[in-house]
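Now for the letters of each chain:
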Amino acid sequence: MIDPAQNLDAERDVLIEGSQIRAIDRPGALATLASQASRVIDARGKILVPGLIDVHVHLREPGLEYKETIASGTRAAVLGGFTSVACMANTAPVNDSDEVTRFILEKACEAAQARVFPVGAVTLGLKGQALAEIGLMVEAGARAISDDGMPVMNSRLMRRAMEYARTFDIPLISHAEDLNLSRGAPMNEGAVSSLLGYRGNPAASEEIMVAREIALARLTRARVHIAHLSTKEGIAQVKRAKEEGIVVTAEVTPHHLLLNDEFVLKGRHSCVHHQMRSDYKMAPPLRTPADQEALLQALESGVIDLVASDHAPHGCVDKETEFEMAANGILGLQTTVPLLLDLVARGGLSLKRMIESLTTAPAKLLKLDELKIGKLLPGYEADLILIDLGREWTLTPDALASKSKNSPFLGRAFKGKVILTMMGGVIKQEETA
Amino acid sequence: MIPDSCLHIRGLSDDRIRSFLSLAVSIKRDPEKYSQTLKGKTVLQFFVENSTRTRMSFEAATRKLGGTSVVFAAATSSLQKGESLLDTIQTLCQYGIDGIVMRHSSGGSPEFVAGAVSVPVINAGDGQHEHPTQALLDAFTLLEHWKLEGAPKNSLNGKTVAIVGDILHSRVARSNVHLLARLGARVILCAPQTLLPSDLSLFPAVEIEHRLDSAIPQADAIMALRIQFERQDDSLIPSKREYRHFWGLTPERMAIMKNDAVVLHPGPMNRGLEIDPEVADSSRSLILKQVENGVWVRAAILAMLVGGVKP
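Read top to bottom, the protein sequences are chains A and B.
If you're matching positions, the first sequence starts at 23 in this note's numbering and goes up one per residue.
If you're matching positions, the second sequence starts at 831 in this note's numbering and goes up one per residue.
I should point out that these hints are in silico values taken from the structure, not numbers from a laboratory.
Keep in mind that a hint or two might mislead.
Said to hold, decoys possible - Dumping the calculated DSS-like pairs for lysine-lysine here, alpha-carbon to alpha-carbon at most 30 Å:
#1 A/Lys261 x A/Lys374
#2 B/Lys977 x A/Lys427
#3 A/Lys149 x B/Lys911
#4 A/Lys389 x A/Lys261
#5 A/Lys389 x A/Lys129
#6 B/Lys863 x B/Lys1119
#7 B/Lys983 x A/Lys288
#8 B/Lys1070 x B/Lys869
#9 A/Lys288 x A/Lys427
#10 A/Lys437 x A/Lys288
#11 A/Lys386 x A/Lys149
#12 A/Lys425 x B/Lys911
A quick note: this is a predicted structure, and the numbers were derived from the prediction, not measured.
Chain A with its partners taken away, still in its complex shape (with noise of 0.2 Å):
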């Protein structure tokens, strides 16, 4: 069992009541009470973590069905160890007010997969221009608020946001671009784009948010969260911001841990195999190498506080189009853990930090432990699930449970799954060997 909020990597045995974790003991400690257990999972071998939480998915609905729907999105959640997701507000209609935000949670319990956990909209549409009715959402339920890829780029307006948001405790997400010098760019500014002709995201269209988001944060000493960090300058601001005692955390996506810009060039065109060129776009774009090692020293020092997976599923229409006009992101549930278990056989990321990074520190930011979910404790919610990290498995379209198939990783070998994820006391998903 590990569990970093207590500092937990020992063998245990768990016994499980209903919805909840009744006790916990060293091996055999339990072996009365298991006697009279209902079932008794063999779990030698494997590891047994909290169950992962997402901060930063795209579930779709309402709205936008042909892509994801919040019955599939949940379910792609528990397949790859997930329990708690965050969904992004950029549906139709634009999760903006309580109706909504009741709507997704309606949803959420009807699908009884994942549990989930509504963010709501900064501004009303996203349009950048008034607030929304943060305080009624989060009464219904949502417990952050963000324009993701909508940045609101008028500061005046941002301030106003931070500081109603810390009237409910609640915090910020920040999609931190500045969209001025990112306008009509599909990728990193530099070698590859000047390459291949296309316009550049400039890293500093990222730095110059992250600085604004941290100026901000000082005055009004609101939570900020700086979502899907991509650069090394992003991080060295957060750095230098938690060291002066300012409030921010940050996530980063396994995609920016793992690949960089110069995939762009490898990316295939044909749009009858996996992996075109439009699978490695998406907002913040691919970096530099430079700029993914230092992510991934980041995410081990603690600098970066989380992964998140930026589940942004499209289909093939929005996809199998100019690279130009291609939508941004691609799904990440299904494949965050294997990804990141990849990153530890290397050697650049601890087990312990991967764990972390998916339970305590989400759990931490979306303020889960008043929920009781995120530990493994007695009393706490049973949200648990076991991985095997011997496991040797293929990537293929029919494994995802997604209505999308937009991952870059199809047909990549795995060493490491989730083989078991149960959520409230109850198994949603279960492998056998």
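Mind docking chain B on chain A? Use the hints.
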């Protein structure tokens, strides 16, 4: 099997480049010999972005080889109704075509199409990426002028070519940098920093001269590029007046050229801006030669890729 295409210069082998250029010499010398090369073949002229000279040039080349063109014009097509590029090309392919000549405003689109069809694709300019046939006809024109026909290896050793103007948005410049360097030329890019790509490290070695007055006396050939106003949504140059003052090919600048230096322009020209009439129409100008040679070079590419002519 993926058919042999011509998508960008950086993807062409040295052998292939030499074959295109030497076949172009043969066709130009004896067009009659090749007049039936594309007999019974249909070439789709797939111009999703507007073009006059490149399209006419490819159509003329197809005609000279005895082939038939089917012309697609984006402005009157279902692309305007929102049909996707993929659906459009897969539909057009059902009409029985043997090759696609393609222009598109978005870089990489010919490669995208080449992955979806089973006939050769020839890139006639994609976004700001490459315009390989333009670079080949430019090289052909220079080699012909310098009597180096057939492009022996390193045939442009010792020659300096200055490319002047809007390099950032220019697919012509990108293809030329790759090709001229392959042929052994020294390449100078001359433009304000706002019109240069930010990172040239994946290109062959080039030199940067921000000031045209420093570049001109070194050059054996000066290639002026069109300022692309349709792409100028940014404030890249303060004014046309200022641009002409620093980077225009004026008669005064012609006076500081090497004695035998020549001038090229891929067209269409903005006369009085990047090039003055006195220069464009001077004896140094190879501009009309470029247009003429474009037909022969494109014919050579069509003959090899669509007609199956062996080098």
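| message | Tell me the numbers of any earlier hints that the structure contravenes, in ascending order. | response | Result: hints 2, 8 break, sorted rising.
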